[in-house]
Amino acid sequence: MKDSDQAMEKVLAGLRDAKAPMGMERRILEGLQSRTAAGVRQGWLTRLASRIAVRPIAYAALLAGGMAIILAIPAAIQLLQHAPVQSAQETRSAPLPPVPSMTAAESVEFQRPAIVTRSPRRPKPRKLEAADPEEALAMREMNAPSRPAPPLPLTEQEKALVRFVRTRTPEELAAIDPAKWAAQDEQQRAEFDRFFRRFTKEQADKKKLAQEAMNKSWP
Amino acid sequence: MASVGGYSLALASMESARSEVDLAALVETYSSLLFRVAHSVLRSRTEAEDVVQDAFVRVLEHRRSLSEVRDMRVWLVRIAWNLALDRRRRIRPEQLDEVFAETLAANTVPADKALDEAQHIGHVLREMERLPKGERYVLLLSAIEELETVEMAAVLGRSESAVRALLFRARTRLRERLEKGEIRR
Chain U
1 MKDSDQAMEK
11 VLAGLRDAKA
21 PMGMERRILE
31 GLQSRTAAGV
41 RQGWLTRLAS
51 RIAVRPIAYA
61 ALLAGGMAII
71 LAIPAAIQLL
81 QHAPVQSAQE
91 TRSAPLPPVP
101 SMTAAESVEF
111 QRPAIVTRSP
121 RRPKPRKLEA
131 ADPEEALAMR
141 EMNAPSRPAP
151 PLPLTEQEKA
161 LVRFVRTRTP
171 EELAAIDPAK
181 WAAQDEQQRA
191 EFDRFFRRFT
201 KEQADKKKLA
211 QEAMNKSWP
Chain F
220 MASVGGYSLA
230 LASMESARSE
240 VDLAALVETY
250 SSLLFRVAHS
260 VLRSRTEAED
270 VVQDAFVRVL
280 EHRRSLSEVR
290 DMRVWLVRIA
300 WNLALDRRRR
310 IRPEQLDEVF
320 AETLAANTVP
330 ADKALDEAQH
340 IGHVLREMER
350 LPKGERYVLL
360 LSAIEELETV
370 EMAAVLGRSE
380 SAVRALLFRA
390 RTRLRERLEK
400 GEIRR
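Protein chains in written order, with my numbering: chain U, 1 to 219; chain F, 220 to 404.
FYI, nobody ran anything at the bench for these hints, they're computed from the structure. Please note that the accuracy of each hint is not assured.
As the list claims (entries may be wrong) - The following residues of chain F were derived to be distant from chain U, with all beta-carbon distances above 12 Å:
(1) S284
(2) W294
(3) L304
(4) R311
(5) A330
(6) K399
(7) G400
Unchecked claim - Below, a list of computed lysine-lysine pairs in the DSS-like style, where the Cα atoms sit at most 25 Å apart:
(8) F:K332 with U:K19
(9) U:K10 with F:K352
(10) F:K352 with U:K216
The beta-carbon is built from N, C-alpha and C at its ideal position, and this holds for glycine as well.
Turn these sequences into a full structure, and let the hints guide you.
So this is what it looks like as structure tokens:
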């Protein structure tokens, strides 16, 4: 009996003295913290879904109102943007005299684009081409494809060169050939040398004759 | 607001101030008790820790109704107790009991007698599991010693006198069975 009691008490004491693992509290709190963060991320969706399920009509009306406001904001912005432009056009066109040749249909056509610009359903700026002719022209110029620039006019020297090439004779044109110029220079140099060589020879002959005459006159 | 190891969780940060509960303080106060409650059923430290974790997750899930809880200690012990019982049905407790018996024998007797002691402790654990459910539950909860009879009665949903009677019968029955086993050996 004593052994059985001891064994039973030993088991119960082992269960009583069980120690929690080290860091169990930290691990539990970390797990709870991660669950809390995940719950915050998913919580608002669940709450919204539950509230919508409770009052679906009210939330549908709220959603429709929100959509209407969102659609009305761009129209209001466009109206605010075009209102001063329209008044400026009116003041500028007011002092001009009416064109007598313009028919009623043309005048209606001319005024129609102004009405179009007031429409809030045309937010694209390309639609403004028909509204303002000046602006349409500017838009066409801006959108036109690029072309290469025209050639610059010739300078005076270039014009003279062109004239020279087209009017002179072949002999004159050949004068600008460097080989011809070199041959001509060589010829002139040869004539120069020949002239001065002959001149020096004549001078030497004269000097020699004068020396001989002086020698004869002396006893 | 108290904090444990730098972690401080306030449930009221998400909900109304009425349901404000300092979860870190709850973990600090009751985690050891809940661990022993779960360990008495499972006889495994890792499984018991998982049960404690699950118990506090339940607290987190029921944070809105925490103000209605009259006795937080009993409520937490009941959660851990039920979670441990549920977990024991899904695992193989025989292996856990063998490991627990070997560990307990190694801590109490010399190494040359540890094998016999482990077998003896294993036999006691098996006889405990063979006890009727009510008696076994009362015996396991009484092993914790931190729980009074009133608290055990609240956890098990019985009266105090019933708990006392169950505890007496459990001890008596277990002693008789152990003695019969010793005689057979």
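Status of each hint after checking the structure:
1. At roughly 16 Å, the least C-beta separation between S284 (chain F) and chain U is larger than 12 Å, which holds for a residue marked as non-interface.
2. At the 12 Å boundary, the C-beta of W294 (chain F) stays outside the reach of chain U, the nearest C-beta of that chain being 17 Å off.
3. L304 (chain F), annotated as away from the interface, keeps every beta carbon of chain U farther than 12 Å; the closest lies near 15 Å.
4. The Cβ of R311 (chain F) sits about 19 Å from the closest Cβ of chain U, beyond the 12 Å cut-off, so the non-interface label holds.
5. At the 12 Å boundary, the C-beta of A330 (chain F) stays outside the reach of chain U, the nearest C-beta of that chain being 17 Å off.
6. Once the 12 Å rule is applied to beta carbons, K399 (chain F) is inconsistent with being away from chain U; the minimum gap is 9 Å.
7. For G400 (chain F), the requirement that its beta carbon stay farther than 12 Å from each beta carbon of chain U is not met, with the minimum near 8 Å.
8. Between the alpha carbons of K332 (chain F) and K19 (chain U) the distance comes to roughly 24 Å, so the proposed pair stays at or under 25 Å and holds.
9. For a cut-off of 25 Å, the pair hint linking K10 (chain U) to K352 (chain F) stands: about 21 Å separates their Cα positions.
10. Between K352 (chain F) and K216 (chain U), the direct Cα distance comes to roughly 178 Å. Violation of the 25 Å bound is thereby established for this hinted pair.
The structure fails to meet hints 6, 7 and 10 from the earlier list, while all remaining hints are met.
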